[in-house]
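Numbering (the numbering used here), first residue to last: 1 to 464.
If you are wondering where the hints come from, they were derived from the structure by calculation, not from laboratory data. Errors might be hidden in some of the hints.
[As the list claims (entries may be wrong)] Straight-line Cα separation of at most 27 Å, DSS-like style, residue types lysine-lysine; simulated pairs:
(1) K170 <-> K214
(2) K139 <-> K152
(3) K298 <-> K284
(4) K364 <-> K386
(5) K170 <-> K444
(6) K364 <-> K308
(7) K172 <-> K392
(8) K214 <-> K172
(9) K450 <-> K298
(10) K270 <-> K284
(11) K298 <-> K325
(12) K152 <-> K450
(13) K273 <-> K304
(14) K172 <-> K145
(15) K270 <-> K308
(16) K308 <-> K298
(17) K444 <-> K214
(18) K386 <-> K139
(19) K152 <-> K444
(20) K364 <-> K450
(21) K414 <-> K325
(22) K139 <-> K214
(23) K273 <-> K325
(24) K172 <-> K273
(25) K170 <-> K145
(26) K364 <-> K444
(27) K308 <-> K275
(28) K284 <-> K392
(29) K170 <-> K152
(30) K214 <-> K284
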Amino acid sequence: MSESSVHGVHALAEHGVHMWKGFGEALNKFSKKGTSTTIFVFFLLLLVGAFVFSGCIDTTIFTSTSLGKLIFSEDPENELSTTRPPENFEFPFNCSNLNIDNQTSLNKNNKSTTEAKESSPSTCPEYFRWIHEDLRPWKHTGISKEMVEQAKDAAYVRILIVNGRVYVDKYKWVFQTRDVFTIWGLLQLLRLYPGQIPDVDFMFEMGDLPAISKRAHPATNDTAPPVMFHYCGDDNTHDIVFPDWSFWGWPEINIKPWNVLRYDLQDGNKRIKWKNREPFAHWKGNVYTGSVRRELHKCNISPKHDWKARIFEQDWGRESRNGFKNSDLASQCDYRYKIYAEGNSWSVSEKYILACDSMTLFLKLHYYDFFTRGLLPEYAKLLNYKPTVPPKAVEYTLENMACNAHGLEHTYLKESMVHGPSDTQPCTLPPPFDPSALMAYANKRENLTKLVEQLEAEGNVERK
């Protein structure tokens with residue numbers, strides 16, 4: 001990641017790092033045991049400077065201009081960035097001499113962000129306020145060790161950051177390299193903000209579906225649910241949403257790290273102006289994951305009907321055997337409209353669809369992911385115990401992960417690696433919504449949804 005990209009990370013590292021910081025200030029008074037450590041959130045993805053809360057609306061259309069600025073801008077307030085990061089980044093590890101002493105040399109030698117720049121932090125965007133709602137179940141109780149360990153049976157791994165080092169206790173087999181690139185993302189956070197990440201302990205569910213049911217674990221002023229991080233959530237679960245692994249790369253299906261792929265998508269957008277693109281709604285993916293996708297597949301062109309939709313089935317096994325020749329995401333921005341359809345749960349494809357600079361049609365959504373709502377910061381501030389490393393936990397470092405990887409996995413780890421510490425401070429989090437504002441927002445969402453459904457029922461939404 002280039003130095004300029006660090007500012008893009010401040011739309012995510014500030015929607016990460018900075019989300020924990022401000023949220024801790026708001027919730028510290030509810031913790032049983034406070035901490036003076038400046039709190040930062042767990043993610044430094046390079047995604048957007050402003051996020052759309054897609055859990056709020058069933059069908060949404062985004063204009064290309066606004067989306068381009070959201071997806072590609074290095075700074076939420078600036079115009080689009082067109083500068084790719086340098087490709088000749090020197091790999092900073094000596095893998096032939098890997099040992100415990102040099103595994104943490106990068107973190108030891110880096111100055112903290114505070115030392116690098118002492119300027120006053122800016123205020124985070126308004127959408128960061130959703131962070132306050134995410135940790136509300138633990139607002140009055142804080143987070144105890146027992147609450148964390150109650151989630152163990154459903155968790156795939158337990159992740160701890162202790163004294164600036166990452167430890168992982170693995171409980172279950174994880175599909176492909178979801179765990180590898182998730183942990184790699186945490187290591188990039190430590191590298192981006194050295195010396196500023198507090199001790200933290202959490203369980204992580206790495207399957208498709210959220211795990212902690214609100215019905216089974218109701219939150220009250222006296223009791224709180226088990227604590228679980230996951231890639232998505234919904235209105236029926238307590239799972240804390242965390243950025244998915246694909247931001248740092250998905251080698252099994254040839255998806256590059258976001259800080260590389262976003263430039264490919266930007267170039268793809270420039271090839272064909274919107275007015276010259278195919279006048280159809282496009283979707284491509286696995287039609288066997290989720291009933292919504294199976295229904296969507298029926299809307300494809302047939303001898304009797306043309307619904308103006310072009311639906312393509314993706315066979316990843318065949319694509320892998322053919323070298324992914326037909327899976328270039330940057331070449332799928334040739335349509336005026338893009339469809340987002342959930343699979344078994346959320347889909348990592350959402351960010352790539354939005355980045356196409358086409359109008360995006362969301363089918364009625366059930367799940368939300370990190371960038372559509374905002375992640376949970378200040379989790380560490382709610383902990384009321386000092387995390388300790390479990391006996392079976394293994395330390396993960398930049399060096400031992402990168403040096404032991406091969407092929408595309410090694411390439412993507414290298415490409416998604418942060419080059420050095422951030423030279424700016426995290427922003428400060430706005431205050432939470434007051435109850436009346438939150439109610440007004442919910443009512444507006446419901447009314448807009450009903451309006452669309454009414455127009456559809458009356459036939460005022462044209463279907464050709």
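Going through the earlier hints one by one, which of them does the structure break, listed in rising order? 4, 5, 12, 13, 19, 24, 28, 30
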